[in-house]
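Trainee: Given the coordinates of chain A, work out where chain B should sit on it, guided by the hints.
Chains as they are written, first to last, in this note's numbering: chain A, 871 to 1080; chain B, 871 to 1080.
It is worth saying that the hints were derived from the structure and are not from the lab. Everything numeric in this text was worked out from a predicted model, so none of it was measured. Be aware that one or more of the hints could be misleading.
Pairs involving identical chains hold if they fit within one copy or between any two copies, as the list cannot separate such chains.
To be verified - Below, simulated DSS-like cross-link-like pairs (lysine-lysine); rule was C-alpha separation at most 27 angstroms, straight line:
hint, residue 1, residue 2
1, K1053, K947
2, K1064, K937
3, K1064, K885
4, K1053, K966
5, K1053, K937
6, K947, K1064
7, K1064, K1053
8, K947, K937
9, K947, K885
10, K885, K966
2 protein chains.
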Amino acid sequence: MDDDDVRRGQPTVHKAYDEWTAILAGDALLTLAFEILARDETHPDALVRAELVTGVARAAGGRGMVKGQMLDLAAEKRGEPSSPTVAHIGELQGLKTGALIACACEAGAILAQAAPGERAALREFGWQLGLAFQIADDLLDAEGDETTVGKATGKDSTAGKATLIGLLGLPMARTLLTETEQKAIAALAPFGTKAAILVEAARFAASRAH
Amino acid sequence: MDDDDVRRGQPTVHKAYDEWTAILAGDALLTLAFEILARDETHPDALVRAELVTGVARAAGGRGMVKGQMLDLAAEKRGEPSSPTVAHIGELQGLKTGALIACACEAGAILAQAAPGERAALREFGWQLGLAFQIADDLLDAEGDETTVGKATGKDSTAGKATLIGLLGLPMARTLLTETEQKAIAALAPFGTKAAILVEAARFAASRAH
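Just chain A, same shape as in the assembly (with noise of 0.2 angstroms):
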């Protein structure tokens, strides 16, 4: 949707097949995530189960990723004169990349049937997660070099597209960051050494732009 021609280094499936190709791709894989979800193999529960199917349905449509770029299409085609917020940036950021992560990150507590209280915490580690990836890339975006970051680097600037590092500037957007990765790590205090894991996932996020 963004025109790009590489990702991760390899074409995309526009490029490389057509665009009637990756759409149906899309579409094949966007349905093949709620067909895993909902199967029996997914677990023994069939309650969990559709769980895990409401709650990627809501991150991921039409009140969720979906409606964050849909937000951010139409905020580019306007060219958008006014000036957008730090919060406006980073409702459409959470939609766009957030809200999934978050879910998934909620999934596992879902699936291993934790207390209220550690979904809660999964989900905020997601979404502090979500945001950490999304300075980082706009970092990456603005600094990188093509060939290490694997695709088309210093689109948004070109773009003129609305990012927190054209609002703040390099290094409030690196403060920004920081702060966004010890909110991840905070969240995963109730789980102690078991969140090893997690907690290096959030500073890889955010080492990718350090």
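Mentor: What follows is chain B alone, placed relative to chain A:
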């Protein structure tokens, strides 16, 4: 995907808005279907909800409707020099239309927690209904008027697309439509007069082109 400008007398989404919006609307609606199937209000038994999700996902996804659409586009792109058989077209149309209509009919049986035999009967009804719908659609494309049909007609022959009509000719295609309508109605025999509305549906699907 077939680049039509009109559906049911209305401009298509990619015409009224743009292609991005059409893709995102498709993703949002596909996702919404699974959200609705999985949420509590749909059925008190979570196993029923999970079965509905699995059924729709299998019918719509990469081994169902998406596969049918992909095969159809691939054949169109190649110009399909080799003559496809009636069986081949039947399989393609079964994937594109039949699988999802069969699934919709079976879903009624799943929701009602009906016996396996009743579930199979409704599935068979849906499969034949889907075939009838597709044959009628081809007949309308070959013979219909754009204003009555609500979309562009004569597209298949213009595109040199292999259809049952091209292979069988109009009279045999009409005979096949009547036979398929009868098979659909026969599948409903176990339900007696309770299935009157479904008998009407089969008659309606076929009568569009009578």
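Trainee: Which hint numbers doesn't this structure obey?
Mentor: Violated: hints 1, 2, 3, 6.
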